[in-house]
Every structure is written in structure tokens, then in C-alpha cells.
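Peer 1: In case you want the letters, here they are:
Number of protein chains: 2
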Amino acid sequence: MREVFQQELREVQDRLVEISGLVAISIDNATRAFNESNVSLAETVIADDDKIDELTVNLDELAINILARQQPVARDLRIVVSALRISASLERMGDMAEHIAQLARYRFPDKVVPKSLRGTFSELGALDVAIARKLTKLLETEDVSLAEEIRNDDDQIDALHLSVFDKVLGETWKGATVDTVDATLASRYHERFADHAVSIAKKVQYLATGAWIPEVD
Amino acid sequence: MREVFQQELREVQDRLVEISGLVAISIDNATRAFNESNVSLAETVIADDDKIDELTVNLDELAINILARQQPVARDLRIVVSALRISASLERMGDMAEHIAQLARYRFPDKVVPKSLRGTFSELGALDVAIARKLTKLLETEDVSLAEEIRNDDDQIDALHLSVFDKVLGETWKGATVDTVDATLASRYHERFADHAVSIAKKVQYLATGAWIPEVD
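One line per chain: the protein sequences are A and B, in this order.
Adding 11 to a residue's 1-based position in the first sequence gives its number in this note's numbering.
Adding 11 to a residue's 1-based position in the second sequence gives its number in this note's numbering.
No lab work stands behind these hints: they were computed from the structure.
Take these hints with a grain of salt, some might be off.
No copy labels: a pair is met if it fits in one copy or bridges any two.
As a list, the in silico DSS-like pairs of lysine-lysine whose alpha-carbon atoms are at most 25 Å apart [claimed, not checked]: (1) 122 / 213; (2) 213 / 185; (3) 62 / 148; (4) 126 / 148; (5) 213 / 148; (6) 62 / 122; (7) 185 / 148; (8) 148 / 122; (9) 185 / 122; (10) 148 / 178; (11) 126 / 213; (12) 178 / 122; (13) 185 / 126; (14) 62 / 126.
The shape of chain A in the complex, shown without the other chains (with noise of 0.2 Å):
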């Protein structure tokens, strides 16, 4: 039984490390087709988001089955339920991308943000490319050094954040209004993708090294 379930568990664990490799190379589609206004790269993310929820469902329902017919308690328990959490959470991060998507197909042929952003934008899409890597490698190594390493890409990515709306709001900010919606969209996405992967990272930790960090802001 107890082999089984270590079993299951690795399946668990190399299901989430796919998912989570499927949703770095859509935010780095994301951002590319964002970047470039390049709309077929953006329909790519669109439709492999739909792979990405088909996927979570699936582990979803495997890790609901082996609650049911393992029964784990302790330790065990809580990695099937952190699973449970961390497939949510990388179902939102495969949301965000498409939403970047989402942005570079509606404004096409016209670029998505206007040039005085565009380093910026550049800097937030290479820090989320970068954590969602890192995540993968995390969650396939628990290597929880990894962890500290999103945790400091994503202060870089929130002084970013918070740096769209300096310059958007700034005296020499001269897009116009739909560059601003954009930019504010855009930026919230980014910040959001990286909050998730934050979130994964803490419950990876917790698992690797059983310190429990509530999972609130």
C-alpha cells in the first residue's frame, strides 16, 4: 500500500511539474506575442490554455481519488492537498497568460503598448519567463533555494508594477487612453502570474521543509 501510494504520489508530482512547464512556455509565448504584436503566437497561448485546464482537472480528480482510496494522513495528507492547491494556482497562472494574449489580439496590428513602456513590459515578461522556469525546476527538485530566488524576482517584478503606474500617470506619459487601460491591464496580469508562482513556491517550501506559511494577503 505504502509503495502505491509513493507511487501515486510521484505521478502527483510529475503532473504538476508538466502542467507547470506548459505554463512557462505560454507566458513566454504570452509575452512574446505581446511584445511583438505577433497575433498567431497569440492565439497559440489562447487555445493551449485549454490544454492547460484539462490538465488540472485531471490531477484534480487523480488526487481527489487518492484521498479516497489511500486515505493519507500527517505528512502525506498534506501533500495531496497542497497538490489540490498548487494545481489551482497553476491554472490561474495559464488564465494570466492568455489574458496577455488576449490583449496582443485585440489591439492588433497595433502594438499593445506605446514605446515610452515597452522596456518595462520587456523586464516584467523576462521575470515571469524566468519564475515560471524556476517553479518547474522547483517543483521537479524541491529545491527550495529556488524558492528564495522567485520570492526575489517578484519583488523585481512588483517594483515594475508599480513603476507602470509612476510613468503612466507622470507628466510626460503621452499615450493615449487605450494605451493606458492597456498598460494598467497588462501590469496587473504580470503581477498576478507571479503572485501565483510566489504562492506555489511557499507551499513547495512548507512540504520540503514543514514549516507552515499561511497562504493569505
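Since chain A is already given, all that's left is putting chain B on it; use the hints.
Peer 2: Relative to chain A, chain B alone:
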């Protein structure tokens, strides 16, 4: 054992109803703070979110404890897992109320939105409040007709959310950039609040009827 379990499920349900009731009060306060630029009411919402967070963490611990001690299967297991997810959604609804209140506080003593959008935000706020109250009653009574009402209210919110963009991007928009940013964020927060309520309503409906609706978008 079975009787103890039923008693514990009632305890879970009571706590969900309690948290949902607090969320309903918070969104009511938040929308009033927002529409009337009432900064002390905004502070109340921000402080009350800590209480909501604490209650959801406690509820999650109770649910995990029930899983460990009672080892429920089949429908009983789904109820406890659903409670964990409903708790997470209620926590996010509290965050949305807090974000709306924060906008009111940031801009004080200025109003958050210009005159031309005040009617729309009054409607959005009233609908969010109505949804939160119906949700509390749904959690209490499992009267699934309320789930239907919540979905209809959400359709209205989605239409109002789109109308905010139409107005902001329309030729008659005279708002400053800060008004555009605030309207964009506030409208998104109102819409997300309702989305979470719909997501919870679906879960309650599923538990009451046994008809599974996968929870992704």
C-alpha cells in the same frame, strides 16, 4: 463516528456561512467607501480583511483535520475538498473588497471615478453586494435557485464591466489618466469578485445535485 462527522460538516458549513457573511459586509462597505470617498469606511474594510484571512486559514485547518481523522470517501470527501476551494474563493473575494477600498483610500479626498461613470459603479457595487448576500444564503440553505440568480447577476456585471471600457475608450471620455487607471482596476475587481461567487455557487450546486461542473475558465 458518522454522527461526529455530520456534526463536523455542519461546523464547516457554519464557518463558510460566517465568512461569506463577513465578505458581504466588506463588499458593501467597500463599494460605499468607493462611491462616497469615505476613507474611514475604506480603513474598516482593509482591517476586516485580516479577520477574513484568519477565519479562512482556521477553516482550512479544520477541513484538513477532518480529512485526517474521518477519512471520508465519495460524496463526503467531495464536500470537504469543496469546502477548501470555497474557502480559497471567499478569501479572494475579501481581497477584491479590500482592493476596491484601497482605491478609495489612495485617491482621497478626490473621488475615485468621474461623474460619467458613477452610475455604472453604483450598479456594479449593488450587484456585487446582492451576489454576496445571495451566496451567503446559498451556503446556508443550499437552495440552488440562488445559484441561478447569482449567474444571472454575474452576466449583468460582465455587461457593465464591458460598458466601462466602452465609455473610457469612447470619444466623449473626459477623464484624466488617473481616472482611466482607477476605472480599469475597479471594474476588474468588481468583475473578479462576482466570478469567484459564481465559482462557489457552481460547487454548492454540484454538491446539492451531484452534477459535476469542472471549475476552469
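Peer 1: If the cut is 25 Å between Cα atoms, do residue 62 and residue 148 qualify within a copy, between copies, both or neither?
Peer 2: within (21 Å within a copy, 35 Å between copies)
Peer 1: State whether the alpha carbon distance between residue 185 and residue 148 is at most 25 Å within one copy, between copies, both, or neither.
Peer 2: neither (41 Å within a copy, 48 Å between copies)
Peer 1: For the identical chains here, do residue 178 and residue 122 meet the 25 Å Cα criterion within one copy, between copies, both, or neither?
Peer 2: Close inside one copy (18 Å) and across copies (21 Å); limit 25 Å.
Peer 1: Checking residue 148 and residue 122: alpha-carbon separation at most 25 Å within a copy, between copies, both or neither?
Peer 2: neither (33 Å within a copy, 46 Å between copies)
Peer 1: Please work out whether the CA atoms of residue 213 and residue 148 approach to 25 Å or closer within one copy, between two copies, in both situations, or in neither?
Peer 2: within (14 Å within a copy, 34 Å between copies)
Peer 1: Between the shortest in-copy and the shortest cross-copy C-alpha distance, which are at most 25 Å for residue 122 and residue 213: within, between, both, or neither?
Peer 2: Classified as neither; 36 Å inside a copy, 38 Å across copies.
Peer 1: With 25 Å as the alpha-carbon cut-off, assign the pair residue 126 and residue 213 to within, between, both or neither.
Peer 2: For residue 126 and residue 213, the Cα distance exceeds 25 Å both inside one copy (36 Å) and across copies (43 Å).
Peer 1: For the identical chains here, do residue 126 and residue 148 meet the 25 Å Cα criterion within one copy, between copies, both, or neither?
Peer 2: neither (34 Å within a copy, 50 Å between copies)
Peer 1: 25 Å Cα cut-off: does residue 62 pair with residue 122 within a copy, between copies, both or neither?
Peer 2: neither (27 Å within a copy, 43 Å between copies)
Peer 1: With identical chains, the pair residue 185 and residue 122 could be close in the same copy or across copies; at 25 Å between alpha carbons, which is it: within, between, both, or neither?
Peer 2: Classified as both: same-chain Cα gap 15 Å, cross-chain 24 Å, threshold 25 Å.
Peer 1: Is it within a copy, between copies, both, or neither that the alpha carbon of residue 148 lies no farther than 25 Å from that of residue 178?
Peer 2: Cα proximity of residue 148 and residue 178: none, with 34 Å in one copy and 44 Å across.
Peer 1: Tell me, please, which holds for residue 62 and residue 126 at an alpha-carbon limit of 25 Å: within, between, both or neither?
Peer 2: Neither way: residue 62 and residue 126 sit 34 Å apart in one copy and 43 Å across, limit 25 Å.
Comparing the model with each earlier hint shows violations of hints 1, 2, 4, 6, 7, 8, 10, 11 and 14; every other hint is respected.
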